[in-house]
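Asks: Chain order of the listed sequences is H and A. Using my numbering, read the first sequence as starting at 1 and increasing by one per residue. Using my numbering, read the second sequence as starting at 1001 and increasing by one per residue.
Note that these hints are calculated values from the structure, not bench results. Among the hints, a few may not be true.
Now the in silico label distances, taken between C-beta atoms and shown as ranges [unchecked claim]: (1) A/Arg1115 x H/Val40: 28 to 38 Å; (2) H/Leu331 x A/Glu1132: 43 to 53 Å; (3) A/Arg1317 x H/Ala181: 52 to 62 Å; (4) A/Arg1271 x H/Val131: 39 to 49 Å; (5) A/Ala1321 x H/Ala203: 29 to 39 Å; (6) A/Ala1187 x H/Leu155: 38 to 48 Å.
Computed, partial: chain A to chain H, Cβ under 10 Å [as the list claims (entries may be wrong)]: (7) Ala1075; (8) Met1105; (9) Glu1109; (10) Val1112; (11) Leu1113; (12) Gly1343; (13) Pro1348; (14) Val1356; (15) Tyr1363; (16) Glu1381.
To give an idea of the chain H side of the interface with chain A (calculated C-beta under 7 Å), a few residues [to be verified]: (17) Ser192; (18) Arg193; (19) Ala223; (20) His229; (21) Phe233; (22) Ala234; (23) Val238; (24) Gly239; (25) Ser309; (26) Gly312; (27) Gly316.
All C-beta atoms, glycine included, are put in the ideal place defined by N, C-alpha and C.
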Amino acid sequence: MSLSRRLLSPWSTPVLATGAIVITFALTAGPILVAGANPVAAYFEFLVSPLTSRFTALEVLVAATPILFTGCAVAVAFKAGYWNIGAEGQLLLGAVAAAGIGQAAGGLPQLVVLPLMIAGGALAGAGWALVPAVLRVRFEIDEVVTTLLLNPVALLFVTGLLHGPWRDPVSGFPESPRIVAVAELPQLLDRSRLHLGFLVALALVGLAWYALARTPAGLRLRATGLSPHGARFAGIDVGRTLLGAALVSGAIAGIGGMSEVAGIQYRLTGGLSPGFGYTGIVVAMLGGLSMPGVILAAVFLGDLTVGASSAGRALGIPSQLGAVVQGTLLLVTIGLLALRRYRLARPAEAAAGGATDALAAVALAGDVAEEPDTEARP
Amino acid sequence: MAGQAPGHEVNGPPALELRGVTKRFGDLLANDGVDFDVRRGEVHALLGENGAGKTTLMRIVYGLSGPDAGEIRVAGRPVSIHSPRDAIAAGIGMVTQHFALVRPMTVAENLVLGRVPGLRLHPAEARRRALEASERFGIGAAPDAVVGRLSVGQQQRVEILKALARDCRILILDEPTAVLVPHEVGALFETLRHLVAEGLSVVFISHKLGEVRAISDRVSVLRRGRLVGTVAGTTPEPELARMMVGRPTFGVMREGAARARGGESVLRIDRLRVETSAGRPLVRDVTLEVGAGEIVGVAGVSGNGQTELVEVLSGMRRPAAGSVRVGDVELAGRRPAAVMAAGVGRIPEDRHASLVGELSVAYNLVLERLDDFRRGGALDEGRIRAEAEALIARFSIRARPGDRVATLSGGNVQKVLLARVLSREPRVLVVSQPTRGLDVGATEYVRRELLARRAAGTAILLVSEDLDEILALSDRVVVMYEGEIVGEMAAPEADLERLGLLMAGRGRAA
């Protein structure tokens, strides 16, 4: 992810996203041809077909729901310069907490149970994000590694639960017992799986947008992400800001897990998340780390997901090609970000004018006492 | 003043000769038609203050940057050097302050690195070659020692040995003593004398007069990119100091007499000590007071602890010991927020990094006091904009509130910082290199603002490499050398020669 460690300026995001999609289609045309389909027909299936019927159009929103959560979670963290790659694990822990509450909540009113599950999911997600965040803030241990490596641990924890204490006593399958009826997120429309979780996701994205754009805390978070040194110099507690961003990010991902348990699966399953946390990174990057961008990217990728499975049936190509397209899209997006940074360096320098150049020159002249890395030397 | 070197018999062409070398960075002329030569078997020092262009010149010779004009000759033949590889092929080696060594590897491995033909490394062969080189050049280095475990002085010897093992005949040493402790300096000079007797030519970059006189046959002095003159190594220190520092040209300066002593001390620094994480001292027991309405200038070649001193005063670094008080508030080791709350305004030397370039001018102007600009839980964008417009007008910043700071010129960036700091009416100002890289207009503006604050009773600590600036603005001047305050004088008594000597580690006040 190191190439993407620089944030976007707003103007180029739509251009970049469109460019990334076009390049991705060009690159994935090969595999689609090999699979024996016409790429243009395949992309039509991927993107347009899902929108042509009510059921599949709503399915697009169903597919977009979990990645709205994780995309928003990742974007909040990335915007602070905290590279949380662990939304997957945080989502799973949120799912565990929600399933636990959901199994035990019989007898309580739904208006109590659902908020309780949301709070439980948020706490569990934030809890799973806590250790890497503290390690980063206190000991400067790279969070990319720690958050990433905690993902399989979370999955093993879920698997352990499902093969042990939570194994469904009725069916004997490695799935948790079904949650009670009041713990289910209500469906929004007839004959559709679209559930309240989608609105919760939209509300959270809206809240995140407001907090980032309009509150002092949001401005501090953005300043920290854009220039940790400048933020610290201005009196911002950078450590606390990073910790806050990490925990909020984990909490949002955790609520995403709750939404899948309470809105789709109604139980904890081993296959609850086909990588929603990782797709969240694609969503956040493709959306330029902006909240409106996250919504567009999540719906787009939801469309692709639904389209990929129907394209499998319609064209006889493996539905995994959808994943291939998503993966390619992530790589292309990151590649374009790196390229953009390189391309824009020159005009930015020129715009900054002579004095900046002179300053750079003074630094280049080298006589400026660069205290030779004494810190690093024994 | 720029007397030529006394007759030195010349055997054939110089080992290295530069003619009219010019290098420009934007508006800054880093080297302006510099002529320079090194003879076979001599140490030729390149003396000058920071930013005088010494390192730039030698980076050009070593192929690390390209000249805009001029010629380089090696043993009389013009050479074109586009990379260190070309330089090495021409017999030029360079040892910088940042060693190019692979720390987990042994001395022998480092010596053969990059010069092993084929795919296989023969450890015994590498070892044998290391021993041979060590013996031939009289530089002791255990071939099996792991470089990372050697002292800095030993590592430097390995670097020199590495250059020599590549048949270098001209060795450039960039501030070689900056990283050494005193007895290592002696050992380095022993080694150099031995090598020079064997015919090696050495370019010795330094700003320390004592060292330059101890080791050099000739000295060339650079000032602001120009060659001031080339003189014999025996030239007295006061004259070298004068050549290095030059004559002042005053622009804006304080009016009236310097204050003998400021009012009541507002900023009190007491036995402040800063160390690297490894325990090497960077600031040694600095004690200093600044009174209300007084400017105290801190002169010194950069890298002598001023940066670290300012970082502590700004809340960006924890001191190892000592105290910093503003009024009755102890600030040593406190965070920037606490430092600002105590009434300290900070104008840092790295002005771009101390703002958030990708945020707007308006946000940067209020970033230190966001909580004053909220309505309920949200930012009061209207008031932020109004405040920004007021400050932009008051400090004549050429920008709109919504412009990103990264798009501003250096002078306007500095004005944004000034506006942010001065709008808080600080009791104390800690200012570092306030006009470095600025054009004349912006420079005068910044100096006027500082003098206005002085008149308003602010206690100002001014750190600058620019002696003219220090002398023009300060009431008192202190000189820092190797982390210590080595001299203090009232501004009227401060003359350039004395300051130059103190800055170069000489003529320490009793």
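Asks: Each hint should be assessed against the structure and marked as holding or not.
Replies: Okay, the hints, checked on the actual structure:
1. As the Cβ distance of A/Arg1115 to H/Val40 is approximately 56 Å, the hint placing it in 28 to 38 Å is violated.
2. Between H/Leu331 and A/Glu1132 the Cβ separation comes to about 51 Å, which falls inside the hinted range of 43 to 53 Å.
3. Range check, A/Arg1317 to H/Ala181: about 60 Å between beta-carbon atoms, so the 52 to 62 Å window is met.
4. Checking the proposed 39 to 49 Å range against A/Arg1271 and H/Val131 shows it holds: the Cβ atoms sit about 41 Å from each other.
5. For the hinted restraint 29 to 39 Å between A/Ala1321 and H/Ala203, the CB-CB distance of approximately 53 Å leaves it violated.
6. In this structure, A/Ala1187 and H/Leu155 break the distance hint of 38 to 48 Å, their C-beta atoms being roughly 59 Å apart.
7. Violation of the interface hint for A/Ala1075 is found here, the shortest Cβ-Cβ separation to chain H being roughly 27 Å, above the 10 Å cut-off.
8. The criterion of a C-beta within 10 Å of any C-beta in chain H is not met by A/Met1105, whose closest approach is roughly 16 Å, and the hint is violated.
9. Taking 10 Å as the C-beta contact cut-off toward chain H, the hint placing A/Glu1109 at the interface is violated, the least distance being around 19 Å.
10. Below 10 Å, beta-carbon pairs count as interface contacts, and A/Val1112 has none with chain H, the closest being about 24 Å; its hint is therefore violated.
11. Checking A/Leu1113 against chain H: minimum C-beta separation of about 20 Å lies over 10 Å; hint violated.
12. Checking A/Gly1343 against chain H by beta carbon gives a least distance of about 13 Å; that is not within 10 Å, so the hint is violated.
13. Contact between A/Pro1348 and chain H, as hinted, is supported at the beta carbon level, the nearest pair being about 7 Å apart and thus within 10 Å.
14. Interface restraint check for A/Val1356: the shortest CB-CB distance to chain H comes to about 4 Å, inside 10 Å, so the restraint holds.
15. Interface hint at A/Tyr1363: satisfied, since its Cβ lies 6 Å from the closest Cβ of chain H, which is below the 10 Å cut-off.
16. Checking A/Glu1381 against chain H: minimum C-beta separation of about 8 Å stays under 10 Å; hint holds.
17. Hint status for H/Ser192 relative to chain A: violated, with the closest Cβ pair at about 36 Å, above 7 Å.
18. The restraint placing H/Arg193 at the interface with chain A is violated, with a minimum CB-CB distance near 36 Å, outside the 7 Å limit.
19. Residue-level restraint check for H/Ala223 holds (minimum Cβ-Cβ distance to chain A is 5 Å; threshold 7 Å).
20. Of the supplied interface hints, the one on H/His229 holds, with its beta-carbon coming within about 5 Å of a beta-carbon of chain A, less than 7 Å.
21. Taken as an interface hint, H/Phe233 checks out: its beta carbon lies about 4 Å from the nearest beta carbon of chain A, inside 7 Å.
22. Interface restraint check for H/Ala234: the shortest CB-CB distance to chain A comes to about 4 Å, inside 7 Å, so the restraint holds.
23. The restraint placing H/Val238 at the interface with chain A is violated, with a minimum CB-CB distance near 10 Å, outside the 7 Å limit.
24. Contact between H/Gly239 and chain A, as hinted, is not supported at the beta carbon level, the nearest pair being about 10 Å apart and thus beyond 7 Å.
25. With 7 Å as the threshold, the beta carbon of H/Ser309 stays out of range of chain A, its nearest partner Cβ sitting at about 40 Å, so the hint is violated.
26. Below 7 Å, beta-carbon pairs count as interface contacts, and H/Gly312 has none with chain A, the closest being about 43 Å; its hint is therefore violated.
27. Interface restraint check for H/Gly316: the shortest CB-CB distance to chain A comes to about 48 Å, outside 7 Å, so the restraint is violated.
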